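There are 2 protein chains.
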Amino acid sequence: MALLAEHGYNGTGLKMILDAVQIPKGSFYNYFESKEQFVAEIIREYSSSLMVKFDRFVEESDQDPLGIIKTLYYQLLQSLEAQNYKKGCLLGDLAAEIGGQSEQCQRAMQWSYRQWQVRMVNLLKMAQQSGVIRTDIEAEQLSEIFWSYWEGTLLRMKIEGDVAGAKQSLDSVLDVLFKS
Amino acid sequence: MALLAEHGYNGTGLKMILDAVQIPKGSFYNYFESKEQFVAEIIREYSSSLMVKFDRFVEESDQDPLGIIKTLYYQLLQSLEAQNYKKGCLLGDLAAEIGGQSEQCQRAMQWSYRQWQVRMVNLLKMAQQSGVIRTDIEAEQLSEIFWSYWEGTLLRMKIEGDVAGAKQSLDSVLDVLFKS
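If you're matching them up, the sequences are chains A and B in order. End of the first sequence sits at 548 in the working numbering; the numbers just go up one at a time, nothing left out. End of the second sequence sits at 548 in the working numbering; the numbers just go up one at a time, nothing left out.
For reference, chain A alone in the conformation it holds in the complex:
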């Protein structure tokens, strides 16, 4: 995951991965038929581990649904800041690089997106029901817009090497655009 996050799909040779985990090439092919299949598994693993954190955060939080979303994404911005913006979202970065090319990875990305979306829609629906989020756009649609906005924001952060703009625009999206 770390190598892919840093070097991307094409920049991460199988040899780099095998050297890092000290596994011989022959063993690799006992488990995966190709680098492509391996990366598809990595995408699922990446999303699953994020979703475990997402669920735990929601479960342990005593905030309202909008507060949960805000705190969660603020924390994500802070962790990206702490890593000097070298990393982004592995899902978004791989989508940019190979999203239109590898069918196996595409399926893993679609699956990952849906794992996230079902959770986000749930929070947005609760926020709509309690009257803090606008209801003239369906929660599914709001979640799609938010995902796109967020992934693009991570790209901007990489380009600018700065988190200030991202924090400000996150406030505008959640506290103004999405507000009822």
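A portion of the hints provided could be inaccurate.
No distinction is drawn between identical chains; accordingly, a pair holds when it is met within one copy or between any pair of copies.
[Said to hold, decoys possible] Here are the computed lysine-lysine pairs in the DSS-like style, where the Cα-Cα straight-line distance is at most 27 Å:
#1 Lys403 x Lys393
#2 Lys535 x Lys455
#3 Lys403 x Lys535
#4 Lys403 x Lys383
#5 Lys438 x Lys383
#6 Lys493 x Lys547
#7 Lys535 x Lys493
#8 Lys403 x Lys455
#9 Lys421 x Lys535
#10 Lys547 x Lys403
Derived by calculation from the structure, the hints in this document are not laboratory data. Predicted model, so just to flag it, every value in this text is computed and none were measured.
With chain A fixed as given, assemble chain B onto it according to the hints.
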């Protein structure tokens, strides 16, 4: 540009580029000191050519500013659809892959972003003055949110291989979220 759009930075070897344009390696180094510098130039060239089209479209259009934005981005979605979603935005894709790594390319991306932003802010300000776009968020901030939303949307299109969702969310952003 085509090779980088298809294979990304790490997937496009210098040899591939030189073979495609039939230029010997020695000549390349008369003009560029590295692949990195070359790609930084490509990023500027890509943005400049897009901005020429942007300016021409604005100049020739008889629509109001919001209509211009809508038509422009609808057309972009259509051209991406026609290419089967294999291509996205070269700027966004390279930002995802190397945005946090190459300083030369980062500067070219920052420059490209500003080329776009000055034009978008101009249109949004006019739309705000004529009362069709909300004024409780500054045009600069709206343009940042729109850029992020758009780049993320292109990633989603790559993953899903479908333009329908993108068209629908573009309508929601411009006709509902940004509306005054």
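Checklist entry - For this structure, which hints from the list above don't hold up? => result 3, 5 and 10
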